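Asks: Here is how the chains run, residue by residue.
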Amino acid sequence: MTTRAMLAAAGAALIDEQRDLGEAELRGLAALPVDSVPALASLAHEVRLARCGPEVEIEGILSAKTGGCPEDCHFCSQSSKFESVVRPTPYLNIREIVKAAQETAELGASEFCIVMALRGPDDRVIDNVIEATAAVRRETGLNVAASLGILDRDQAKRLAEGGVHRYNHNLETARSFFPRIVTTHTWEERFDTCALVREVGMELCCGALLGMGESDDQRIELLLQLRDVTPAEVPLNFLNPRPGTPLGARPLVEPIEALRWIALFRLALPEVILRYAGGREVTLRELQALGMTAGINALIVGNYLTTLGRRPEQDIQMLADLKMPIGVLSKVI
Amino acid sequence: MAYCDGCGAPLEDCDGTCRGELDPPRFCRECGRKLDVQVTPTGYRAGCRRHPPVAPTGEPKL
Ligand code: SF4
Ligand SMILES: [Zn+2]
Ligand SMILES: [Zn+2]
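Chains as they are written, first to last, in our numbering: chain A, 1 to 333; chain B, 334 to 395.
Only chain A is shown next, with the shape it has when bound in the complex (with noise of 0.2 Å):
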């Protein structure tokens, strides 16, 4: 099939069948020649107007308790394992965490990520969580998610009632390239988590991490592990190799196979909410923008966890220059 005719095939099939894209089309798309990724990523955009429509939603996202973390994922330079940069430095305070809700609402965000460096909660983390979540609910009016790493049923509970309305824990990558980036914790124990945030209704953010060495099999195979677990928001991760972790001489993704990537993303997950998420502005430089014409529709603004985003009015201004409304994007589960 030439690459129009392939192309046109799966327009039909996510826009007028609405039909999910099988494994063997997905990959047919990602052997497109590199300079068919631009026509890729117009469908992709294509997709995402017709299935989700013109807004985006924009995150402010926290580290509330930053490094010391006893995992070894192995691009991180959060875990304790390694010889990282990073400080341990203790839990953010009530009040600190609601200051910090209150920068990300004067940017226009809707949404507010907690995020911990932790292999799991324990009751007190929980507890401190769901007081932070009332506390910015009440002072900011933003959604909070939270990211806390494994969860136990009864915690995933509380933190549903406790009014977090969407928890993040990423699959990073397939289930058989895992074990090579992690080894204490599985594959396995993540699925798990995210289907117990399904079970006691919350909606799943669960992202990727590309760039550490997986092949385009891998990349596919992570996808349909994704729709496995039928998240409402994919943050899109690049790989920023951090000094000191075991990936940290890796090379970035070439700018032009992170656009390839972003719209499989969109073809492949056509109803997601797609978050532009760390490793962007070194990945893509100049080119960020054509990421959100590639099927993003959401992005983090401002500061990630341990290194810092371009300036958030950069995005604003980015959006406003596509016409791209800022809006709330949420999924009825």
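By construction, these hints were calculated from the structure, which means they are not laboratory data. Keep in mind it's a predicted model, so treat the numbers as computed, not measured. A virtual CB, placed ideally from N, CA and C, is assigned to each residue, including glycine. Treat the hints with care, as some may be off.
[To be verified] Which chain B residues stay away from chain A? Per the calculated CB distances, all over 10 Å, these:
#, residue
1, Y336
2, L344
3, E345
4, D356
5, Q371
6, G376
7, R383
[As the list claims (entries may be wrong)] Below 30 Å or equal to it, Euclidean Cα-Cα: the simulated BS3-like pairs (lysine-lysine) are:
#, chain 1, residue 1, chain 2, residue 2
8, A, K81, B, K367
9, B, K367, A, K157
10, A, K99, A, K157
Add chain B with the ligands to chain A, keeping to what the hints say.
Replies: This is chain B with the ligands only, laid out in the frame that chain A set:
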């Protein structure tokens, strides 16, 4: 002696490429110790346990 705020090496031993434009400082310029760094949505705080707080240096570019 002064130290690189990106890698903590003596300043004359670092060519300055260790700290990316979007990395906050990680080491005290005065003593080379690791800083306590808290990144927030619109800024960061960086402090040495022995020395006065480090003021954020300019806006990230890119
Ligand atoms: S569990 Fe999270 S904070 Fe801990 S090492 Fe892995 S990615 Fe980093
Ligand atoms: Zn240095
Ligand atoms: Zn010092």
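Asks: Against this structure, judge whether each hint is valid.
Replies: Now for the hints, and whether the structure bears them out:
1. Once the 10 Å rule is applied to beta carbons, Y336/B is consistent with being away from chain A; the minimum gap is 13 Å.
2. In this structure L344/B is separated from chain A by more than 10 Å, as the shortest Cβ-Cβ distance comes to about 16 Å.
3. With a minimum CB-CB distance of about 20 Å to chain A, E345/B clears the 10 Å threshold, and the non-interface call stands.
4. For D356/B, the requirement that its beta carbon stay farther than 10 Å from each beta carbon of chain A is not met, with the minimum near 6 Å.
5. The beta carbon of Q371/B is not kept farther than 10 Å from every beta carbon of chain A, the shortest such distance being approximately 6 Å.
6. A beta-carbon of chain A is positioned within 10 Å of the beta-carbon of G376/B; the least distance is around 7 Å.
7. Consistency note on R383/B: stated as away from chain A, and its beta-carbon is indeed over 10 Å from all of that chain's, at 13 Å minimum.
8. For the given pair, K81/A sits about 17 Å from K367/B by alpha-carbon distance, which is consistent with the 30 Å threshold.
9. Only pairs whose Cα atoms come within 30 Å are accepted, and K367/B paired with K157/A is rejected, the gap being roughly 39 Å.
10. In summary, the hint linking K99/A to K157/A is supported, as the alpha carbons are separated by about 27 Å, within the 30 Å threshold.
Figure legend: structure checked against the earlier numbered hints; hints not met, in rising order: 4, 5, 6 and 9.
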